[in-house]
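Note that our numbering has the sequence shown beginning at 9, numbered continuously upward.
A couple of the hints might just be wrong.
[To be verified] Across the chosen pairs, the derived CB separations fall in these ranges:
{"#": "1", "residue 1": "N55", "residue 2": "D153", "range": "29 to 35 Å"}
{"#": "2", "residue 1": "F151", "residue 2": "E44", "range": "30 to 36 Å"}
{"#": "3", "residue 1": "L158", "residue 2": "E44", "range": "28 to 34 Å"}
No wet-lab data here; the hints were simulated from the structure. Where is the CB? At the ideal position from N, CA and C, for every residue including glycine.
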Amino acid sequence: MNKTGVSSCFATVFRLGVLLLVSTISLGSSAEPEVEQENAVNLFVGNTQNGSLNGASIGVGYERRLTSLFGVGGFLEYAGGDFDVTSLGATLHLHPHAGWEFKLSPGVELDGGEQDLMFRVGVGYEFEVVPSWAIVPELNVDFVDGESELIYGVSAQYEF
């Protein structure tokens, strides 16, 4: 991808992130109960799989809860092994019930000198271990360059 393509790619991801943020803020209602901890950071460990290709994955994420239902944030993740790629994106978090979390994330996958637009769809369940700490099993699917990659693992999450 040439320099113009890279700039266009990052501009598109930025615009999608802003769109997610604006949409989430406008969907939020002041009638919803406030959340106790508005921020969450997590450390993810797992595996990325695409057919017979596999790679250990590690990543970090952040979420800012806007309401009890919606949050926005981002992630940075590295997949090694057969992949050797880094993914980053903006995330819309949906918390419909109890510990359930659904994620929609436009982003970019960096593979050597190439950048490809990606879109991640994910689900997880937050198991509170002690106040402010949770273990979150996750299942994500990345759609990149006409292919899909399955990412599964667990996150240690701290809320503050």
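Here's how the hints hold up against the structure:
no., hint, in the structure
1, N55 / D153: 29 to 35 Å, "violated (20 Å)"
2, F151 / E44: 30 to 36 Å, "holds (34 Å)"
3, L158 / E44: 28 to 34 Å, "holds (33 Å)"
When the structure is compared with the earlier hints, a violation turns up for hint 1 alone.
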